[in-house]
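Chemist: When you get a sec, could you build the whole thing from the sequences and use the hints?
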Amino acid sequence: MPGKRSPARLIVALSVAAVLAVFLIYTSLAGGTPSLQPSQLRGHDGRVSLVGIVAGRPAGDAHAGGLRFQLRDRHAMTSVPVVYKGTVPDLFKTGREVVVDGKLRNGVFVAVPDTLVTKCPSKYTPKK
Amino acid sequence: MADLGRAALVTAFLLLAYASVAGTAAAWHRRRRLAESAQNALLAAFGATAVATVVLLVALGRHDFSFSYVADHTSRELPLGYTLTAFWGGQEGSLLLWLFVLCAYSVLAVLTARRAGRETLAWVVPTLGFVGTFFAFMLTFVASPFASQVAPADGAGLNPSLQNPYMAIHPPMLYLGYVGLTVPFAFAMGALLARRTDERWIVATRRWTLAAWAFLGVGQLLGAHWAYVEIGWGGYYAWDPVENAALMPWLAATAFLHSVMIQEKRGMLKVWNVLLVVLAFCLSLFGTFLTRSGIIQSIHSFTQSSIGPWFLGFICLVTAASLTLVFLRLPLLRAQTRLESLVSREATFLYNNLLLVALALTILWGVVYPLLSEAVTGEASTVSKPYYNFFLHTFGLPLLLLMGIGPLVAWRRASLRALGRTFLWPLGAAVAGGIALLLAGAGSSRVGVIAYTFSIFVLASIALEFARGTSARRALGGVGWAGAFSSLIARNRRRYGGYVVHAAVVLLAIGIAGSSAYQTVREQRLHPGDEMTVAGNRLVFRGFQTTNESNHRAIRANVDVYHGGEYLGRYRPGKNQYFAEDQVSNEVSIRHDLLTGGDLFLIADQVNGDGSVDLKALQKPLVNLIWLAGLVFIGGSLITLWPDAREERRLAERYEGATVRA
Numbered sequence: 303m304p305g306k307r308s309p310a311r312l313i314v315a316l317s318v319a320a321v322l323a324v325f326l327i328y329t330s331l332a333g334g335t336p337s338l339q340p341s342q343l344r345g346h347d348g349r350v351s352l353v354g355i356v357a358g359r360p361a362g363d364a365h366a367g368g369l370r371f372q373l374r375d376r377h378a379m380t381s382v383p384v385v386y387k388g389t390v391p392d393l394f395k396t397g398r399e400v401v402v403d404g405k406l407r408n409g410v411f412v413a414v415p416d417t418l419v420t421k422c423p424s425k426y427t428p429k430k
Numbered sequence: 041m042a043d044l045g046r047a048a049l050v051t052a053f054l055l056l057a058y059a060s061v062a063g064t065a066a067a068w069h070r071r072r073r074l075a076e077s078a079q080n081a082l083l084a085a086f087g088a089t090a091v092a093t094v095v096l097l098v099a100l101g102r103h104d105f106s107f108s109y110v111a112d113h114t115s116r117e118l119p120l121g122y123t124l125t126a127f128w129g130g131q132e133g134s135l136l137l138w139l140f141v142l143c144a145y146s147v148l149a150v151l152t153a154r155r156a157g158r159e160t161l162a163w164v165v166p167t168l169g170f171v172g173t174f175f176a177f178m179l180t181f182v183a184s185p186f187a188s189q190v191a192p193a194d195g196a197g198l199n200p201s202l203q204n205p206y207m208a209i210h211p212p213m214l215y216l217g218y219v220g221l222t223v224p225f226a227f228a229m230g231a232l233l234a235r236r237t238d239e240r241w242i243v244a245t246r247r248w249t250l251a252a253w254a255f256l257g258v259g260q261l262l263g264a265h266w267a268y269v270e271i272g273w274g275g276y277y278a279w280d281p282v283e284n285a286a287l288m289p290w291l292a293a294t295a296f297l298h299s300v301m302i303q304e305k306r307g308m309l310k311v312w313n314v315l316l317v318v319l320a321f322c323l324s325l326f327g328t329f330l331t332r333s334g335i336i337q338s339i340h341s342f343t344q345s346s347i348g349p350w351f352l353g354f355i356c357l358v359t360a361a362s363l364t365l366v367f368l369r370l371p372l373l374r375a376q377t378r379l380e381s382l383v384s385r386e387a388t389f390l391y392n393n394l395l396l397v398a399l400a401l402t403i404l405w406g407v408v409y410p411l412l413s414e415a416v417t418g419e420a421s422t423v424s425k426p427y428y429n430f431f432l433h434t435f436g437l438p439l440l441l442l443m444g445i446g447p448l449v450a451w452r453r454a455s456l457r458a459l460g461r462t463f464l465w466p467l468g469a470a471v472a473g474g475i476a477l478l479l480a481g482a483g484s485s486r487v488g489v490i491a492y493t494f495s496i497f498v499l500a501s502i503a504l505e506f507a508r509g510t511s512a513r514r515a516l517g518g519v520g521w522a523g524a525f526s527s528l529i530a531r532n533r534r535r536y537g538g539y540v541v542h543a544a545v546v547l548l549a550i551g552i553a554g555s556s557a558y559q560t561v562r563e564q565r566l567h568p569g570d571e572m573t574v575a576g577n578r579l580v581f582r583g584f585q586t587t588n589e590s591n592h593r594a595i596r597a598n599v600d601v602y603h604g605g606e607y608l609g610r611y612r613p614g615k616n617q618y619f620a621e622d623q624v625s626n627e628v629s630i631r632h633d634l635l636t637g638g639d640l641f642l643i644a645d646q647v648n649g650d651g652s653v654d655l656k657a658l659q660k661p662l663v664n665l666i667w668l669a670g671l672v673f674i675g676g677s678l679i680t681l682w683p684d685a686r687e688e689r690r691l692a693e694r695y696e697g698a699t700v701r702a
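As they're listed, the protein sequences go chains A and B.
If you read the first sequence in our numbering, its first letter stands for residue 303, the second for the next number, and so on.
If you read the second sequence in our numbering, its first letter stands for residue 41, the second for the next number, and so on.
In short, the hints are calculated from the structure, not lab data.
Honestly, I wouldn't trust all of these hints.
Incomplete in silico selection of chain A near chain B, CB under 7 Å [stated by the list, open to error]:
hint, residue
1, Gly-333
2, His-365
3, Asp-392
4, Thr-396
Since this is a predicted model, take the numbers as computed values, not measurements.
Cβ coordinates follow ideal geometry from the N, Cα and C atoms, glycine included.
Modeler: Right, here's the structure in full:
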């Protein structure tokens, strides 16, 4: 068995880990996007990630003027109009839960192009 | 039928519970008969689980919709192959697959890994039993695949994106990997509990770790390829929590595979190795939990389910118990030697470990960040691609470089002069290659150029290793170059198999850098007769064509592709409309260019009522190297896994004597 471990090594290792941890927290705080439901949007004017259920009938053209639809809270009726351009996922339709990035502008959520994703249900409730 | 399945699961649960309780008592009091009975219970549990598995398969095959699971995941029109693979299409079936694989692994591990020593094995049985008990408990009481109902006329069908040949192979591969990490974990715990803290448990489980790690790696590449050809957004990895779930344990296992070599050769890093194996196992549990609980926002998110809290509790329990055990055994885990120099083979392994673990932990941080930020600030916040890419570059590029340096540095202490000599060629090749790349215009992406230069360095250093080894063996006399080369690999399977895997990782890095840093994307609305260009390819839209298949309607956009005046063929991106599932799925069309390794990727993004199409075209250079890397990876893993009679004898000499004495 070689001699006693010097505490210096442990201190160096711990401080490297600490620096990494602080750096991680910093980058995620700076680079993180708030993930909100429609009812929480008020007061956020920066880029957010909006999670909601598609309500009403989507209208418009995602590759021309923009696709327009309403997103509502998962368990409430608060909703916000969304305008979106870009690829529309296969599973997108009324009643589906979707996530889309963007900013609130004059009461309309203007989505960043190509950020719309649907949450894919692995399970289907049988059609009754 | 459902009763038989339920009974089989209850039996499995009781047997596994018995194996863990009786096994613990036997190991504690050193009762041999009791230990054998616990072991037999573990073996019998495999039989019971197999019965449950067969019952579910038969129910699927017979379209027995009185099984809720069958009705929820299949329909009458679903082809037989997909009907059977729907086994792991949902939560309950996936858990059953977990348990089945675990039991099968347990039987094989307990029967073949005698080398670990009897005391260790006596503790391995209850550890495996304990993990199995948890899953059997979930299947029996929380999420039963055998819930029954009044049979509806037809089932709800399988998610169209799961109706793909990859469904047959990708999930099982991942599960073989996830579950396989249980075996080294159980042996590590067994060794600690039995106070056998030498490297015997490592030797006994080396192949298990390698196999699990290889399955996990192949499974992820298959998943990436599936996403690439089926989901149809032109990518193969999106840093989605469920994808990260498989990447994290793979990174931890990669670190473990490297650091165990140091313990075998130098008797160092014992605590670290045990911690890594615990980390890998916990991450694999966490991965299963992530995939199945829907706790974190993911494109794969499955409906909120009841299994989340149970899983979380189990993960906490496993983590706390194993860390406590490691802490209690710390005095036994002292290193026999110390690191002699910061420039040595073992030091490069150490750096590689730190980088891999740092990468795994930063990914973990990103995955759980939404939960943590919600707990702290009351508002969930997510990190996305830029965060992950940043850390992939920060930790991944040095890792790539280390793969080139490691093999060139001697064990214990490397002299600078020897280093200069060995580095000359690889370094020269890398510098020349880097300059050539800059001249060729690759400078548009700094990360890309760095990745490519490092890749050249690693490939050169691997080639040098093979060349040196071959010429040394040839110098022994009597064989030609080919004979020397093959005997070199045959006699050092681990080492040269490892180099082949390194070459696979380099191919992967080249493919990823090429297809992300240097890709071209064009998007345009085309009416019949219109055309667009992408990276020198001329795409002409010739109108739609619609056909009716058994369970869906297929709409295809006919696109003629020309390059320089040459007609390259007709490609048909489009969409399928599934009747039973009432869903649309994107069907992409890909033109592989085998000569350059690049793909022309066509997506019919939107089919418009006026007969026009919004066509998205991506030119992705070198992307096929990623899939080639998968094949090389399998080859390298097989070389290292292949039984080696010479090594077996050597190990037998080293350990069997000790076992007899013990």
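Chemist: Taking the hints in turn, state whether each one holds.
Modeler: Tested hints:
This hint holds: Gly-333/A has a C-beta 5 Å from the nearest C-beta of chain B, less than the 7 Å allowed. Checking His-365/A against chain B: minimum C-beta separation of about 4 Å stays under 7 Å; hint holds. The interface hint given for Asp-392/A holds, since its Cβ lies 5 Å from the closest Cβ of chain B, which is under the 7 Å cut-off. At its closest, the beta carbon of Thr-396/A sits 12 Å from a beta carbon of chain B; the interface hint therefore is violated under the 7 Å criterion.
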